[in-house]
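Residue numbers (our numbering), protein chains in the order written: chain A, 17 to 249; chain B, 17 to 249; chain C, 17 to 249; chain D, 17 to 249.
The set of hints was computed from the structure by calculation and includes no laboratory data.
Be careful, since some hints might not be right.
No copy labels: a pair is met if it fits in one copy or bridges any two.
Each computed BS3-like pair below joins lysine-lysine, with the alpha-carbon atoms no more than 30 Å apart [what the hints assert, rightly or not]:
(1) 20 with 172
(2) 172 with 71
(3) 235 with 96
(4) 20 with 240
(5) 20 with 174
(6) 229 with 71
(7) 96 with 200
(8) 172 with 96
(9) 235 with 20
(10) 174 with 71
(11) 22 with 235
(12) 22 with 172
(13) 71 with 234
4 protein chains.
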Amino acid sequence: MSSKYKLLKEECYEANMQLNALNLVVYTFGNVSAVDRENGVFAIKPSGVAYEVLKPEDIVIVDFDNNIIEGAMRPSSDTKTHAYLYKNWAEIGGIAHTHATYSVAWAQSQLDIPIFGTTHADHLTADIPCAPPMRDDLIEGNYEHNTGIQILECFKDKQLSYKEVEMILIGNHGPFAWGKNAAKAVYNSKVLEVVAEMAYLTRQINPNAPRLKDSLIKKHYERKHGANSYYGQ
Amino acid sequence: MSSKYKLLKEECYEANMQLNALNLVVYTFGNVSAVDRENGVFAIKPSGVAYEVLKPEDIVIVDFDNNIIEGAMRPSSDTKTHAYLYKNWAEIGGIAHTHATYSVAWAQSQLDIPIFGTTHADHLTADIPCAPPMRDDLIEGNYEHNTGIQILECFKDKQLSYKEVEMILIGNHGPFAWGKNAAKAVYNSKVLEVVAEMAYLTRQINPNAPRLKDSLIKKHYERKHGANSYYGQ
Amino acid sequence: MSSKYKLLKEECYEANMQLNALNLVVYTFGNVSAVDRENGVFAIKPSGVAYEVLKPEDIVIVDFDNNIIEGAMRPSSDTKTHAYLYKNWAEIGGIAHTHATYSVAWAQSQLDIPIFGTTHADHLTADIPCAPPMRDDLIEGNYEHNTGIQILECFKDKQLSYKEVEMILIGNHGPFAWGKNAAKAVYNSKVLEVVAEMAYLTRQINPNAPRLKDSLIKKHYERKHGANSYYGQ
Amino acid sequence: MSSKYKLLKEECYEANMQLNALNLVVYTFGNVSAVDRENGVFAIKPSGVAYEVLKPEDIVIVDFDNNIIEGAMRPSSDTKTHAYLYKNWAEIGGIAHTHATYSVAWAQSQLDIPIFGTTHADHLTADIPCAPPMRDDLIEGNYEHNTGIQILECFKDKQLSYKEVEMILIGNHGPFAWGKNAAKAVYNSKVLEVVAEMAYLTRQINPNAPRLKDSLIKKHYERKHGANSYYGQ
């Protein structure tokens, strides 16, 4: 196989396998994509294929208007959501969607995840947003495309930037996360799940636990992401 | 061993081992069966045999009146429940019973599992039914046979179809799940356990979390199961 | 090494390793013993030795008056409790003590574990007893010996038989379980932990969940343990 | 590489890998250091390096004033906290910091972990202290250095000895633990996580669960740590 998208498919394949290795999915309840901005396409997991049998060459190449460019299989049923986000958010390189347990539980609760500590603040300074359940007129239309609309509307309503907040919960559904590439999108999915579990436990222990105070939010975020960041190599 | 049921036993064996691999059982707290409609028999796990030592040839062949057709061991103590379901529900091919943790917890709570999100709606559009504890007159009779009666009565009372709702909780006991074959019955047992955990967490986070709205229930189910389904290959 | 207790030590060693394999202990927070009634001795884990380095020949042989009969190492700090139980309960062959998570949580809650379902009833017909915290006069005395006294007092107060109820929680401490041999004691420790988790979840889901009704308790227990039992081979 | 700190780096490396093996960290959310008192330096994990690729020679050697003595990589972003503790607490040999789930949940709850049972009392006789969130004037200054100050202030306020209480929660952040060497610091981090989970469950089961009574606290601690201790070899 001498596809020009060989590397892109491999990036996408590895990221999907990570989803499984990190216990973020059971069966086929998740998918990751990786974009190639130059060619205006992205690679995405085929629909309903088990991780145990998935191979790099099964990955499907799709453009931002949902045309299949390369691949013998049907792409993930969530493909249109990915396409919509790539089309509208020019600086993301990968997207991951899961049904991870604690992330879904918060999504089903229809509540934002409050920022309770520095594990959260090391990654984003806002509560993790939970989009309200989709409006009926959107459900009856082009559902997965409209999930993309739902995500952008939520970010607009809450005045969030997709470059700073790289994750969202869709009410009654589950999480989407993104980042500079597919691996980072998976990383953000895992961070979201860890933070979701910690926030759940925090409220069980102390229903009146306060949000992290602003001075600490700012400090921890700048430590990792500010102009003078000093985390990592 | 040149049994005419060799393939059936192997299907049954593999499904039982999956139960273990998916963390749905400890020790021998579970069993799966696979039916052969043509010959009017089913294969089922022998009673009380540990998964570490279970072999395909240990699987017992039983008919729908609970006569042992082939096998040196005593079949699962729940055999009569399986037989009753196969006899009455002509289109199921496999049945699984477990004592998986979250499924049992809901069964012990004697509550239906509310449909809170799309993970649930991707598989069924109803709350997962919990049959009330068995009536005393049934307990004193043919207990496992009567568990079958209890399941059918619950489906009748709640006006459910076994083709659409492939799982149930028996109050104070635990889950049964079924499907077109043994592997699908195990799959449904895992889905039930995952959905049970998510619903538990949802209510802990938000005791007032609403059921999924009808428009979304319908959409997600049709995406996978409707005439125009577009999930999978 | 040609010890006459070679087989006894191996039984004890295997049971201790099972404790670890079943996720019932971290570090050295647990111990199992196996009795040799003919010689009036039992084999027990040495104190504070990690499972990764434990060897069969490290197991210590002790008599019912806590004299070391064979072995170069100091026996478990809980040895006197084991000795007291073997001395007073003539028909047990093995004892296991753990700090398994859910068992300890109930012990710290100082509550009996209510019988909520058939997973519990398949093993015992009573609530799992939780002994009240030790009286101060007993604590100041021979502590581990007195833990044995505490266990027998609790069984007397609650009118329980050690042959029917093979497990107990010590208030503020943790579980002890026993059985016909060391492997059965470990099995009962795992059953207790599973039942403890299910009961915890049940009460979280439904704080008013009723105890299993008497007719079902009786039925399930007799299925496995009655004169006409029909579970297992 | 013939560094004079070769053994120190290996001790530090092994302890960091243990953190991962004991499920106390995801990704790079933790770090362990090991001190060399004679040379007035300590070895610490480099910042942001994944456990899968970490090698003993990557470990960085730092003195108590945060000067890098040896190593090509940037040390952990928490290095100044480690340095401050080593400088002020003359008798500790290792420090571990994690974002372990239950420990963080209590830290985010801003509550001390009550001593509910003997698992806790076997290790320390006090509630596990939770330092209040850092004062704003400290946050704006030298943050990680000031985390050290925050820890010492909390121990002074609560009149605790670092030799008896080898662990703390930093409000809104997470746990630090220490001990005679790096392995013991990791051990204490695991004990803290186990005790944190048990205490969480205890309060869920019985919100009125009482603290362990003083006589039992004293007894269990002396069993392991008193002049006449009789635990271990």
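ask   = Between residue 172 and residue 71, at a C-alpha cutoff of 30 Å, which is it: within one copy, between copies, both, or neither?
value = Answer is neither: 38 Å inside a copy and 45 Å across each miss the 30 Å cutoff.
### Copy assignment of residue 229 with residue 71, given that the CA separation must stay at most 30 Å
Intra 46 Å, inter 37 Å, cutoff 30 Å: neither.
Practice prompt. With 30 Å as the alpha-carbon cut-off, assign the pair residue 20 and residue 174 to within, between, both or neither.
Written response: Neither: 40 Å inside a chain and 55 Å across chains, both beyond 30 Å.
Checking an output row: residue 174 and residue 71, CA cutoff 30 Å. Within, between, both or neither?
neither (39 Å within a copy, 44 Å between copies)
Within a copy, between copies, both or neither: which one fits residue 71 and residue 234 at a CA-CA cutoff of 30 Å? neither (43 Å within a copy, 33 Å between copies)
- Item | Intra- versus inter-copy proximity for residue 235 and residue 22 (alpha-carbon distance at most 30 Å) | Classified as neither: same-chain Cα gap 42 Å, cross-chain 35 Å, threshold 30 Å.
**Prompt:** When no copy is named, should residue 22 and residue 172 be tagged within, between, both, or neither for a Cα gap of at most 30 Å?
**Reply:** The answer is neither: 36 Å in one copy and 54 Å across copies each exceed 30 Å.
How do residue 235 and residue 20 come out at 30 Å by Cα distance, when the copy is not named: within, between, both, or neither? Classified as neither; 44 Å inside a copy, 37 Å across copies.
field: Within, between, both or neither: residue 20, residue 172 at alpha-carbon 30 Å
entry: So residue 20 and residue 172 fail the 30 Å test inside a copy (37 Å) and across (57 Å) alike.
*Tell me, please, which holds for residue 235 and residue 96 at an alpha-carbon limit of 30 Å: within, between, both or neither?*
between (38 Å within a copy, 16 Å between copies)
- Query: Checking residue 96 and residue 200: alpha-carbon separation at most 30 Å within a copy, between copies, both or neither?
  - Reply: both (20 Å within a copy, 29 Å between copies)
How do residue 172 and residue 96 come out at 30 Å by Cα distance, when the copy is not named: within, between, both, or neither?
Within one copy, since 20 Å is at most 30 Å while 40 Å is not.
When the structure is compared with the earlier hints, violations turn up for hints 1, 2, 4, 5, 6, 9, 10, 11, 12 and 13 and for no others.
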